[in-house]
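Protein chains in written order, with the working numbering: chain A, 5 to 425; chain B, 5 to 425.
Worth flagging that the hints you see were computed from the coordinates, not collected in a lab. Certain hints may be false.
You can't tell identical chains apart in this list, so a pair holds if it fits in one copy or across any two.
[What the hints assert, rightly or not] Lysine to aspartate or glutamate pairs mimicking DMTMM-like chemistry, simulated, CA-CA at most 25 Å apart: (1) LYS334 / GLU279; (2) LYS367 / GLU306; (3) LYS366 / GLU140; (4) LYS300 / ASP166; (5) LYS300 / GLU287; (6) LYS199 / GLU234; (7) LYS366 / GLU190.
No experiment lies behind these values; they were computed from the predicted model shown.
2 protein chains.
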Amino acid sequence: MFKKDEVGPLNILGIVVEYNPFHYGHLYHLRASIEKTKADVTVAVMSGSFLQRGEPAIADKWTRTRMALQAGIDIIIELPYIYSTQKAEIFSDGAVSLLHSIGCNQLCFGSEAGDVALFQSSVDKVDAKESELNREIQQHLKSGVSYPRAFSAAFQSVFEGDNILDLSQPNNILGYHYVKAIKKLESKLKPYTVKREKAQYHDKELTREHIIASATAIRKKLIEEKQPLEAIYQYLPSYTLQELKGQLQRWGSFVHWEKHFPYLQYRILTSSPEELRNIYECEEGLEYRLLKLITKVSSFQELMEVVKTKRYTWTRIQRLFVHILLNTTKSFMEEYCKPLEAPYIRILGMSEEGRHFLSSRKKELEIPLITRASEWDHPVLQKDVLASQLHSLPYLKNHSLQEEFKAIPIRYDKIKGIFLT
Amino acid sequence: MFKKDEVGPLNILGIVVEYNPFHYGHLYHLRASIEKTKADVTVAVMSGSFLQRGEPAIADKWTRTRMALQAGIDIIIELPYIYSTQKAEIFSDGAVSLLHSIGCNQLCFGSEAGDVALFQSSVDKVDAKESELNREIQQHLKSGVSYPRAFSAAFQSVFEGDNILDLSQPNNILGYHYVKAIKKLESKLKPYTVKREKAQYHDKELTREHIIASATAIRKKLIEEKQPLEAIYQYLPSYTLQELKGQLQRWGSFVHWEKHFPYLQYRILTSSPEELRNIYECEEGLEYRLLKLITKVSSFQELMEVVKTKRYTWTRIQRLFVHILLNTTKSFMEEYCKPLEAPYIRILGMSEEGRHFLSSRKKELEIPLITRASEWDHPVLQKDVLASQLHSLPYLKNHSLQEEFKAIPIRYDKIKGIFLT
Numbered sequence: 005m006f007k008k009d010e011v012g013p014l015n016i017l018g019i020v021v022e023y024n025p026f027h028y029g030h031l032y033h034l035r036a037s038i039e040k041t042k043a044d045v046t047v048a049v050m051s052g053s054f055l056q057r058g059e060p061a062i063a064d065k066w067t068r069t070r071m072a073l074q075a076g077i078d079i080i081i082e083l084p085y086i087y088s089t090q091k092a093e094i095f096s097d098g099a100v101s102l103l104h105s106i107g108c109n110q111l112c113f114g115s116e117a118g119d120v121a122l123f124q125s126s127v128d129k130v131d132a133k134e135s136e137l138n139r140e141i142q143q144h145l146k147s148g149v150s151y152p153r154a155f156s157a158a159f160q161s162v163f164e165g166d167n168i169l170d171l172s173q174p175n176n177i178l179g180y181h182y183v184k185a186i187k188k189l190e191s192k193l194k195p196y197t198v199k200r201e202k203a204q205y206h207d208k209e210l211t212r213e214h215i216i217a218s219a220t221a222i223r224k225k226l227i228e229e230k231q232p233l234e235a236i237y238q239y240l241p242s243y244t245l246q247e248l249k250g251q252l253q254r255w256g257s258f259v260h261w262e263k264h265f266p267y268l269q270y271r272i273l274t275s276s277p278e279e280l281r282n283i284y285e286c287e288e289g290l291e292y293r294l295l296k297l298i299t300k301v302s303s304f305q306e307l308m309e310v311v312k313t314k315r316y317t318w319t320r321i322q323r324l325f326v327h328i329l330l331n332t333t334k335s336f337m338e339e340y341c342k343p344l345e346a347p348y349i350r351i352l353g354m355s356e357e358g359r360h361f362l363s364s365r366k367k368e369l370e371i372p373l374i375t376r377a378s379e380w381d382h383p384v385l386q387k388d389v390l391a392s393q394l395h396s397l398p399y400l401k402n403h404s405l406q407e408e409f410k411a412i413p414i415r416y417d418k419i420k421g422i423f424l425t
Numbered sequence: 005m006f007k008k009d010e011v012g013p014l015n016i017l018g019i020v021v022e023y024n025p026f027h028y029g030h031l032y033h034l035r036a037s038i039e040k041t042k043a044d045v046t047v048a049v050m051s052g053s054f055l056q057r058g059e060p061a062i063a064d065k066w067t068r069t070r071m072a073l074q075a076g077i078d079i080i081i082e083l084p085y086i087y088s089t090q091k092a093e094i095f096s097d098g099a100v101s102l103l104h105s106i107g108c109n110q111l112c113f114g115s116e117a118g119d120v121a122l123f124q125s126s127v128d129k130v131d132a133k134e135s136e137l138n139r140e141i142q143q144h145l146k147s148g149v150s151y152p153r154a155f156s157a158a159f160q161s162v163f164e165g166d167n168i169l170d171l172s173q174p175n176n177i178l179g180y181h182y183v184k185a186i187k188k189l190e191s192k193l194k195p196y197t198v199k200r201e202k203a204q205y206h207d208k209e210l211t212r213e214h215i216i217a218s219a220t221a222i223r224k225k226l227i228e229e230k231q232p233l234e235a236i237y238q239y240l241p242s243y244t245l246q247e248l249k250g251q252l253q254r255w256g257s258f259v260h261w262e263k264h265f266p267y268l269q270y271r272i273l274t275s276s277p278e279e280l281r282n283i284y285e286c287e288e289g290l291e292y293r294l295l296k297l298i299t300k301v302s303s304f305q306e307l308m309e310v311v312k313t314k315r316y317t318w319t320r321i322q323r324l325f326v327h328i329l330l331n332t333t334k335s336f337m338e339e340y341c342k343p344l345e346a347p348y349i350r351i352l353g354m355s356e357e358g359r360h361f362l363s364s365r366k367k368e369l370e371i372p373l374i375t376r377a378s379e380w381d382h383p384v385l386q387k388d389v390l391a392s393q394l395h396s397l398p399y400l401k402n403h404s405l406q407e408e409f410k411a412i413p414i415r416y417d418k419i420k421g422i423f424l425t
């Protein structure tokens, strides 16, 4: 444990996570990041109830926070919904601005490329050719393809032959935007990257074999294939299994879109075209398609399949559905979503080391530090409370709602391995 | 059966019903009305999915239409939601304007008073003292009581000692407004009333004893007390029992507010104060009370109990909840709810006699005759389709919706006692 006067030269590592759920790939990335940066304190900014792919997290944020604490993270702060359910650029700007604000001086991300210098040079090169790139993107968009596809094609043609990042890889895209956000913020955050490991790896400390499977594959086994937790023990640390078991006991099921479908269906059915058009990301007449199609489908999966077009990625449509479910308007986002200026830091959990770091930083913070949602009346925080309530709505008995207002950060003693709250 | 050229002098009786569900009291009223008016054809204007007390009907409109046809009614037309879920005055204006439009020349209603002359003289007396009465009502409202209470008190004091109608009785209130609507419309409809019979009565045609119980008492037995249909056979004709059995098989349960509660809860949770304030009948800061209370309750019953104040009747609050559920705005009602000018006549069911009457009248009708919701694109009709879809939402399997667009009127042969569609 460190004292207040030692804070200056400490390595404060920031990482950006969803932990949906926490698995061995995350553990590998966490340990490799700490090793690489020689971090003294690790801060994770974690998405709350709804995630970047436009899906509800399979477990609530508190359950996922407990996983993160047991994995060794010192401070977990919430990435607000206004950033968490967004394309890579806004998502990254929000996450990096939070890590910058809390006082991190390192940021380490997983990437397919694995070479941080390549990220930095690519950001600089793109900046230099920004207008040319934008022209190309617009050209490609006119042919009716989705934005990510247009971007990737434009990028390839503008930088053909150049030694530049492969931006068709999902983690490279995020890493690129993290490095870009650092540049835009003129932050002292130093970027690092760890090459993503897909193969299986052996953890010396543990006796049984661990396999890295993607969170997507794990969720598929749990939700679509309805496999019991025992069937996937080799992909998940024991504390993740334990936490998922608790989630199942409390909520009766893991969280997935199908259970929210009745509310989405109800919301679309009872909306006028004008009301749908006011929803964030509802563009180009999508409101009429939705109103026409909603009476013809009987599941979320069916809805996705009929709404999907070449123009929009699956993820883009799912994000729209989250915004419809939460009734998030364009004007709300215009007013409150300032990507590089997170309005507050909300603590979800901390180790004792994390708590000491926070109290040493407290007075220097330029934005409010929130430990209880009831402390501060801010529209972005209210949205996160609403997101959490809606996330829990189909699951909790007697129509009760996740108690977000009263919840306090989870405290964990890493040495003793026990929760203090 | 009558021929077209006989239509002129026929007695075309109109009645206003909810049939929630059809019981012996309704049968008594129907037979007494036909006897009194010597009706050749009986037309019932029946509320669709949501009723005057601000509740969903326990069975869908098609099921209740089949009950009405088997009871001997010739034509069932739908009272649109814009009228059906309203205070007595708008409800009555809408119903009477429909019976007037379809060509009824008699209207017979049940009442506690039982003397139609008293209704007519009371309407005239109130008209003569309208401004005095309104002043009194405003005085009473200032003390914080509900409108019906203020009206009743004002009425008593203005007409003290006069031989005037007892307007504290619910059926007298409706009858009063029917007669008033006839006067406002300058309609040729001739009013009749049948005194409501509460005691048990014996039907000569049938061998077993029949008891008149109120629809409220019957619903209470079915829903709150969860009694089987067999337990209430003596209150209901066999066709009502049969139809209710069918409803149970198709929907799994009778319709009641608790099953709609999750949608109402979701809608309030995700509404801004401004959005709630735009809802019809959301007045005087109720939006803030609702937003505050909605996170604290876990059932419709609980919600009603905490929202209820001296200022608003139970019914008034329930109606507001229907409007919130259906997302019906003040501006929608201002634009489309013209109480004395129903925009169309929608046929839900008809006997062969009814069908002949309709084809004889068809060319003289001044508003459209709708037999299929898909035929006509009108916002009031769209609202009825939505109301029907939402009515069915918590009940139908696989999130399917009541097929309102394709539905056609139910045809019934009274002589053979068989349905033709």
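Do the hints match the structure? See the list:
{"no.": "1", "hint": "LYS334 / GLU279", "in the structure": "both (11 Å within a copy, 15 Å between copies)"}
{"no.": "2", "hint": "LYS367 / GLU306", "in the structure": "neither (51 Å within a copy, 45 Å between copies)"}
{"no.": "3", "hint": "LYS366 / GLU140", "in the structure": "neither (46 Å within a copy, 63 Å between copies)"}
{"no.": "4", "hint": "LYS300 / ASP166", "in the structure": "neither (49 Å within a copy, 60 Å between copies)"}
{"no.": "5", "hint": "LYS300 / GLU287", "in the structure": "within (21 Å within a copy, 36 Å between copies)"}
{"no.": "6", "hint": "LYS199 / GLU234", "in the structure": "neither (29 Å within a copy, 71 Å between copies)"}
{"no.": "7", "hint": "LYS366 / GLU190", "in the structure": "within (22 Å within a copy, 77 Å between copies)"}
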